[in-house]
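Visitor: What follows is each chain in one-letter form.
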Amino acid sequence: MAYHRLCESDYRFLSLIWDHEPVNSTELVRICASELGWKKSTVYTMVKKLSEKGLAVSEDAVVRSLVPREEIQRQESRSFVDQTFSGSLPGFLVSFYGGKGISEEEAAELEKLIREMKRE
Amino acid sequence: MERIFLCVLRMSLAAGVVILGVLFLRLMLRPAPKKYSYFLWVAAAYRLCAPAGLVAPFSLFRLLRRPVTAVAVRAPFELRSGLEAVIPDPAGVAHPAAQTTRAAVTAAAASFPWLRLLAWVWLAGVAVMALYSLLSGLLLRRNLRTAIRQEEGVWRASGISAPFLLGFPRPRIYLPWGLEGADLENVLAHERAHIRRGDPWWRFLGWTLLCLHWFNPLCWLAYFLMGRDMELSCDEAVLAHWEEKREDYARSLLHIAARVGPHSPAPLAFGEIGVKQRVANIMRWRRLRGWTRVLAVVLCGLFFLAAATDAQALALPPRTLTLNADGTVGALRWGMTVEEARAACPELTFVESDGGVRPWAVYASLSEVRFQGYPAEVTFCFMQYEVDEGIYSASEGLPLLFSYEIVIPGYAQDLTEKLEAILGPRETHQRDLSGQQPVTYVEGAPRPPYEERVLPEEEWYWHSGESAADLVRAEDLRRTVPAWRGMTDRELLEVWCYTYGWDARIRLRHSWDGVDTAFVAAGEGYAYQRLLTEKAE
Chain A
1 MAYHRLCESD YRFLSLIWDH EPVNSTELVR ICASELGWKK STVYTMVKKL
51 SEKGLAVSED AVVRSLVPRE EIQRQESRSF VDQTFSGSLP GFLVSFYGGK
101 GISEEEAAEL EKLIREMKRE
Chain B
1001 MERIFLCVLR MSLAAGVVIL GVLFLRLMLR PAPKKYSYFL WVAAAYRLCA
1051 PAGLVAPFSL FRLLRRPVTA VAVRAPFELR SGLEAVIPDP AGVAHPAAQT
1101 TRAAVTAAAA SFPWLRLLAW VWLAGVAVMA LYSLLSGLLL RRNLRTAIRQ
1151 EEGVWRASGI SAPFLLGFPR PRIYLPWGLE GADLENVLAH ERAHIRRGDP
1201 WWRFLGWTLL CLHWFNPLCW LAYFLMGRDM ELSCDEAVLA HWEEKREDYA
1251 RSLLHIAARV GPHSPAPLAF GEIGVKQRVA NIMRWRRLRG WTRVLAVVLC
1301 GLFFLAAATD AQALALPPRT LTLNADGTVG ALRWGMTVEE ARAACPELTF
1351 VESDGGVRPW AVYASLSEVR FQGYPAEVTF CFMQYEVDEG IYSASEGLPL
1401 LFSYEIVIPG YAQDLTEKLE AILGPRETHQ RDLSGQQPVT YVEGAPRPPY
1451 EERVLPEEEW YWHSGESAAD LVRAEDLRRT VPAWRGMTDR ELLEVWCYTY
1501 GWDARIRLRH SWDGVDTAFV AAGEGYAYQR LLTEKAE
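Residue numbers (the working numbering), protein chains in the order written: chain A, 1 to 120; chain B, 1001 to 1537.
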């Protein structure tokens, strides 16, 4: 799937869609007003913008996403690691843990992940 | 329209003086907190939008006053004097009492033809500035549509690099994503201080005045420096509560400056104003205590008063003097001395000069009121009768310099009729004409010989001026040294010759090509004018 560069506003909006989909557009407007402080016109514009990017769609006044959250998260993370750590995941982890040790649970999770990824 | 432009021009000039004063004072106030410098700009702002200040002896503009010298003979056709008159100033340098009545402006426009053009250029400039502000404001708002509310009045926006304020009536604080912790705290403190002090409003006022005075480079300088003083004093306001947070605050400034690109489009950006100066100012800042504080306050207060007042009263309303049946005006009578005239007409302005008091002449009913005792350099005066308003405006010299409105009660459809009704029943003047040349009126064919006629003195004659028909009395016509005879060989429709004053300046006017030729003839003693016309076939 093509990479989508999302700015923070887009991401937050899409996040709301993920949280509430499938959501009626009127309801979405209400949610955005209370969570983000957006006007109705802004919401509709953003829905249009996202649908142009292929990330969301509005059919019969019902809005839903076209891309799962995990997909976007993956893309964002990858892009971040590529940019900041020249694609080095270990480099990222070292930075992330920054001198702190990792807990037992975290170590176990990581081991499990590594095993799964190695299999692929 | 021209009136508004002239008004703006005058305000701009006055403001220019004030701005220079502010610049000077700012240098003196350098060791002090910036809030004092910031306050000074209010004086400049006042000058930029107030048409006239109160008159006070301690006005700043007194410094500019030169001793007024005797007024030379002028005619309304001279462009040189037109410029002086077009820009009267609060120091009263050009003339003690300048005003911009409609008649005066019309006359000035006639003598200074670019005035209209300049006024339109000015207006165009204002429109461009206003349009620019509007468009950039709308564009910014558009980009900020997807900003997300973090808390009441604080919004996060993607695509901005520095925090800023935007919005009326209550400005919102817009922050970039990624601003956290101590930086966030400091930024919010700064922006909230701005809002508390009403800075966005002052900024808006400043910008509006700049739009109106876009042609004045001092105004641009003032706007820029005002912005800087505003930011610096805002930093100070924040630190007033948290003195110990100085370094922390300075550090935040540097963090944010590092993120901001070279160009920030925002109106009130945190990182926009020179970071170096701000950091320096923060580290240097200390409160003023005791007598230094009093001194600073007093200095600013005095300056404000000096700047906001005028040396002389400006916008005098047009005086209304009634035209009397005998041709005099108001309480003025023929043959009054200066003192009598002053007592009779307190609204007359008398100007000091090296030779003594020279009165500004008020020309009543189209002739002169002569003030005895002075070999007055009589300045040319004409009266315009504005038919649609029934007002006679008597103007001295270049009309913008001063004007009085002489109100003829009622509305006159027919000029002649009305004037004759007023001026008709009068006593005839008896004059001793022995030893003096008769006044002649010459009428005839385009080529010589001419017919000469003696004009009875008590009659009124039409004197065709540039824009209106005036009435002159024969007895006020003065003889010229006959240097004008040479002119009569031309093919002209009309030739008017008249002289004014003791240095009889002859003005030869060709009525169809509008060329003026002036000759100076040595005039001595009492002179009569020769009025010469040629009638077209």
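Hints should not be assumed to be uniformly reliable.
[What the hints assert, rightly or not] Calculated cross-link-like contacts (lysine to any residue; reagent style SDA-like; alpha-carbon spacing at most 25 Å): (1) A:LYS39 <-> A:ASN24; (2) A:LYS49 <-> B:LEU1144; (3) A:LYS49 <-> B:GLY1159; (4) A:LYS49 <-> A:ALA61; (5) A:LYS40 <-> B:LEU1117; (6) A:LYS112 <-> A:GLU70; (7) A:LYS49 <-> B:SER1136; (8) A:LYS40 <-> B:VAL1154; (9) A:LYS100 <-> B:GLY1181; (10) B:LYS1276 <-> B:CYS1211; (11) A:LYS39 <-> B:SER1136; (12) A:LYS39 <-> B:GLY1181; (13) A:LYS40 <-> B:GLY1159; (14) A:LYS53 <-> A:GLN75; (15) A:LYS40 <-> B:GLY1137.
[Stated by the list, open to error] With the C-beta cut set under 8 Å, the calculated list includes, among others, these residues of chain A facing chain B: (16) SER15; (17) LEU36; (18) GLY37; (19) MET46; (20) LYS48.
Since the hints were made in silico from the structure, they are not lab data. For clarity, every value in this text was computed on a predicted model and none was experimentally measured. Glycine included, each C-beta is placed from N, C-alpha and C at the ideal position.
Visitor: Going by Cβ atoms only, is SER15 of chain A closer than 8 Å to chain B?
Guide: violated, 11 Å
Visitor: Take a quick look at whether LYS39 of chain A and ASN24 of chain A sit within 25 Å of each other, Cα to Cα.
Guide: holds, 16 Å
Visitor: Is LYS1276 of chain B within 25 Å of CYS1211 of chain B, Cα to Cα?
Guide: Given pair LYS1276 of chain B, CYS1211 of chain B is violated - Cα atoms ~29 Å apart, limit 25 Å.
Visitor: For LYS40 of chain A and GLY1159 of chain B, compute the direct alpha-carbon distance and say whether it is at most 25 Å.
Guide: holds, 21 Å
Visitor: Holds or violated: the hint that LEU36 of chain A contacts chain B, with Cβ atoms closer than 8 Å.
Guide: Hint on LEU36 of chain A: holds, closest Cβ of chain B at ~5 Å, below 8 Å.
Visitor: Does the CB of GLY37 of chain A sit less than 8 Å away from some CB of chain B?
Guide: This interface hint holds because 3 Å falls under the 8 Å limit.
Visitor: Would the hint linking LYS40 of chain A and VAL1154 of chain B be met if the CA-CA limit is 25 Å?
Guide: Distance of about 20 Å is within 25 Å: holds.
Visitor: Between LYS49 of chain A and GLY1159 of chain B, is the straight-line Cα distance small enough, at 25 Å or below?
Guide: The given pair, whose Cα atoms are some 16 Å apart, holds under the 25 Å limit.
Visitor: Under 8 Å, Cβ to Cβ, is where MET46 of chain A needs to be relative to chain B, so tell me if that hint holds or is violated.
Guide: holds, 7 Å
Visitor: Take a quick look at whether LYS100 of chain A and GLY1181 of chain B sit within 25 Å of each other, Cα to Cα.
Guide: holds, 21 Å
Visitor: Does GLY1181 of chain B lie within 25 Å of LYS39 of chain A when you go C-alpha to C-alpha?
Guide: violated, 29 Å
Visitor: Has the given pair, LYS49 of chain A with LEU1144 of chain B, been kept, meaning a C-alpha gap of at most 25 Å?
Guide: This hinted pair holds, its Cα atoms lying about 15 Å apart.
Checked against the numbered hints listed earlier, the structure breaks hints 5, 10, 12, 16, 20; every other hint is satisfied.
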